[in-house]
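For the record, the sequence lines run as chains A, B and C.
Quick note, the first sequence lines up with residues 1 to 220 if you use the numbering used here.
Quick note, the second sequence lines up with residues 1 to 256 if you use the numbering used here.
Quick note, the third sequence lines up with residues 1 to 476 if you use the numbering used here.
Some clues are possibly wrong.
Below, in silico cross-link-like pairs of lysine-lysine (DSS-like), each with a Cα-Cα straight-line distance of 25 Å or less [what the hints assert, rightly or not]:
1. C/K279 to A/K182
2. C/K30 to A/K114
3. A/K75 to A/K114
What the simulated footprint calls covered on chain A by chain C, stretch by stretch (three residues with Cβ under 8 Å from a Cβ of chain C suffice, anywhere in the stretch; the number is not a length) [unchecked claim]:
4. 35-46
5. 54-65
6. 79-93
7. 103-112
8. 122-130
9. 154-167
10. 207-219
Far from chain A, by Cβ distances over 12 Å, these chain C residues were calculated [unchecked claim]:
11. T173
12. E287
13. P426
Hint data in this document are derived by calculation from the structure and do not stem from the laboratory.
Using N, Cα and C, we set each Cβ at its ideal position, and we do this for glycine too.
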Amino acid sequence: MNTRDAILQRLYQGREQQGGFEPPVSDFGVLQRPHWSKAEKLERFARAMGPVHGEIHNTSRNTWHQLLQQLMQEKGLRNLWVNSDTRHGRLLADHWQLEQIPLLQRTQPINEWKDELFNRVDAALTGSRGAIAETGSLILWPTPAEPRAMSLVPPVHFVLLDSNRLYSTLHEAMQQEGWADKGMPTNALLISGPSKTADIEQTLAYGVHGPRELVVLILE
Amino acid sequence: MSDIIKQYPAKPSRVYFYATCLVDLFYPEVGLAGIQLLEREGIEVVFPQGQSCCGQPAYTSGLNGQARTVAASQLGLFPDNWPVVVPSGSCAGMLRQHYPRLFAGTTLAEQAEQLASRTWELTDFLLHVCRIRLQDRGEPIRVAMHTSCSGRREMGIADSGPALLAQLDNVELVQQARPAECCGFGGTFAVRHPAISAAMVEDKARALDTCGADQFVSTDCGCLMNIDGFADKQQLATRGQHIVSFLWQRSTGGAA
Amino acid sequence: MNTAADAVKQFTPRARTALDTPAIRNNFRKAMDGLMDKRLDAFADWDLEALRELGAAVRLRALSRLPELLELLERNLQANGIQVHWAQTGEQACEIVRDICNARNARTVIKGKSMVSEEMELNAFLARSGIEALESDLGEYIIQLAGEAPSHIIMPAIHKNTAEISELMHQATGTERSSDVDYLTASARAQLREKFMQADVGISGVNFAVAETGTLCLVENEGNGRLTTTVPSCHIAVTGIEKVVEHLADVTPLLALLTRSATGQHITTYVNMISGPRKVDEKDGPEAVHLVLVDAGRSAIYQDRELLDTLRCIRCGACMNHCPVYTRIGGHAYGTTYPGPIGKILMPHLLGLDNAGSLATASTLCGACAEVCPVKIPIPQLLQRLRSEAMDGDPQRSATVAGHGSKRRWLEMLLWHGWTVFNSRPWIYRLGTGLMTRCRHLMPSRLGAWTRYRSAPRPAAHSLQQQLRQRQHKEQ
Chain A
1 MNTRDAILQR LYQGREQQGG FEPPVSDFGV LQRPHWSKAE KLERFARAMG
51 PVHGEIHNTS RNTWHQLLQQ LMQEKGLRNL WVNSDTRHGR LLADHWQLEQ
101 IPLLQRTQPI NEWKDELFNR VDAALTGSRG AIAETGSLIL WPTPAEPRAM
151 SLVPPVHFVL LDSNRLYSTL HEAMQQEGWA DKGMPTNALL ISGPSKTADI
201 EQTLAYGVHG PRELVVLILE
Chain B
1 MSDIIKQYPA KPSRVYFYAT CLVDLFYPEV GLAGIQLLER EGIEVVFPQG
51 QSCCGQPAYT SGLNGQARTV AASQLGLFPD NWPVVVPSGS CAGMLRQHYP
101 RLFAGTTLAE QAEQLASRTW ELTDFLLHVC RIRLQDRGEP IRVAMHTSCS
151 GRREMGIADS GPALLAQLDN VELVQQARPA ECCGFGGTFA VRHPAISAAM
201 VEDKARALDT CGADQFVSTD CGCLMNIDGF ADKQQLATRG QHIVSFLWQR
251 STGGAA
Chain C
1 MNTAADAVKQ FTPRARTALD TPAIRNNFRK AMDGLMDKRL DAFADWDLEA
51 LRELGAAVRL RALSRLPELL ELLERNLQAN GIQVHWAQTG EQACEIVRDI
101 CNARNARTVI KGKSMVSEEM ELNAFLARSG IEALESDLGE YIIQLAGEAP
151 SHIIMPAIHK NTAEISELMH QATGTERSSD VDYLTASARA QLREKFMQAD
201 VGISGVNFAV AETGTLCLVE NEGNGRLTTT VPSCHIAVTG IEKVVEHLAD
251 VTPLLALLTR SATGQHITTY VNMISGPRKV DEKDGPEAVH LVLVDAGRSA
301 IYQDRELLDT LRCIRCGACM NHCPVYTRIG GHAYGTTYPG PIGKILMPHL
351 LGLDNAGSLA TASTLCGACA EVCPVKIPIP QLLQRLRSEA MDGDPQRSAT
401 VAGHGSKRRW LEMLLWHGWT VFNSRPWIYR LGTGLMTRCR HLMPSRLGAW
451 TRYRSAPRPA AHSLQQQLRQ RQHKEQ
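This is chain A alone, in the form it adopts within the complex (with noise of 0.2 Å):
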């Protein structure tokens, strides 16, 4: 009998052995939160995220562009890593104005391009498909377009928020996309503040192997 077999079979066998049981109810309304507005959401969003260091800004559809420019400037940042096939990225390229800051369009597999990437790319920019006030959590699903290590391996990650894409929890996302029923991608993300370890003497420390930065653009 092979290793997988032996395993499953001592488990049933010692099923039999305990009697099996009858577990608890799962009772998930701890879970539930009175209903939140948008205002609301928004509120506890930042303030989960502000003590973390995640950085946001309130701003709206048609001027964070150049937003986002004023603070690659003043961040010091010398490129950016966008996928000009989305289309936030297609709009910020074409409204790009600063002519010392490239915007990177690097679409081939990470792999070709690992050295540039780890090294010379200061900060790059996502979507997002929504975020949970709760925990002040940002969802991501990374794509071929916006691959993981997009919000990952440069120092700063710009990220885009629809202002109407709040969830008060991470159960009622779960539950209004129906991610179960749906299926998962190869890749599912919660990102709530930039990179940080306690390690050394429970004394916070941010910017760890992950980004430094973690810069929100609520867009309304």
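Add chains B and C to chain A, keeping to what the hints say.
Relative to the frame of chain A, chains B and C by itself:
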């Protein structure tokens, strides 16, 4: 504590008093004080002969067989359906939480369940069943409360000691550092792992010594023996008393 | 030579040393106090008892259907393109990992944090096979530099202060000595960045494996977990078989409980849900994803309804954060992969009671752990059960755990037999206590371990029962 659902009975006319072996042999004044407190509330206290030990030392050593033998000899001491009142969080916990487990699947299972359902720790009983109202006849004093872990987590009585002390006008309750942390007694733990136990009792004794209290009171004689014994040997100033002795003395103006 | 077993046998002397080491006492006291406070703050807005009930229910539901859910998990993982392997023992699991690496000519591995990989002693095994495994989680990286084992399951370097870490990094990698945590962190980041780029294989643990969707969930703050599972061309995940949950929705309460119980965070920086290798048009992610399901004694625990509650554990570490024993002796004293209360109820199964049985007695059964366990494992009850197994103390129960009866000593049993006779026969009790009160001044003032630290207790002049009998006499 939230797992503990208690339905207090109406104040009875009679109770059984289960003293515990530590009280019997080392702290008889606690037993007398407890009985007198109950009698003063108009309750007839029945002290069954033949009580010895609840069996806990063997049980926590993993010797269920030995514990069962001793516990079985105690089960039959309380034939009438009166509350059984115990001046110890840990022994009360043994009867209430562990006797049903110990006797599950045996012919004594039902008797054990029945006994468990009417077992009460004394301060809890005085407060919630007798609805005792204490008059303070003593001089002003500052006191720290030490509730045993079993009292806190098996019997859910962390509030009753402080509530009773609050009834005494001249008693100020002060809180020591880390009040919910174990004192390190743990029955046989103190002799099986003496160095760890000593580290725990040292922290507890020093916390009680430096919190500004004149003395401490405890729900359990095991903790008392542990902390007092350490404080005495290490010449710390703090000393303790069982809360029941304390309450009796304060309410009668008796000497310490 | 079984080094894991040997290590735990040194528990008592190691605990002693730890108790006498001010750095350990201070570091752990401060750290645990902080973690306990943070946890309370994080749960302030919750009906915590209801949330724990839900956590327990979700885990119990998974355990009640464990074999079926593992089969479903396997099916769905495979449908998603993830390859599934089964390992009976830790050693076998190591072999599987090595074989996957060898098939790819992989020589360097980057690792995310995984307690089961510590259990397997994977790094040492891979090293013997000529494969370098580098830890990327900062805490694990630090202790790897020190050549030590983790002392806490969530914060592996919790026993070290900043000065110690700085010195370690200086000696190992030439980083300048500094008390600036940001500087030290930036150094580690720079050093590990190169490794992420170059590693052939990434190895991670799994926090929750969802049967319904064939998804592996990982939580982390640093980003090393994501890098480990994204950049190398192959990702191998290892997990104990008990980590499976039934539905995707089940992850929500467990996530809410895990991060708050562990470090007082409402959520970790990243929650990473992996459901397959890189698809054809995707630009990153591993081409191959493997899951190794490790039994290593868990199916044996599953034979018993009471003992299987041990398997509810979601590895949050709250139990050890609240344990008065762990706080004073630190994690290394246990000498086991898992320290603290969870270590005490789990390791005896993995190593046998003959080796690890003393761990089960190193507790006052205070219950602080059970009070905070997010999935309501009845830890004191399980400790008591293990004690009775070790002593062969329950004639009504047959042997279940390896090493059953190995702590039973005839001399001790003689004493207990005497104790039983004394307490179960009223006339002997009366006689005995009468003697003790009368001879109270002859009580020895030296009573071994007790009086090493405390004054000897002295029996009263008259026992309570004697006084009550006199009282009755008077009333008559």
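- Item | Hints not upheld, ascending by number | 2, 4, 5, 6, 8, 9, 12
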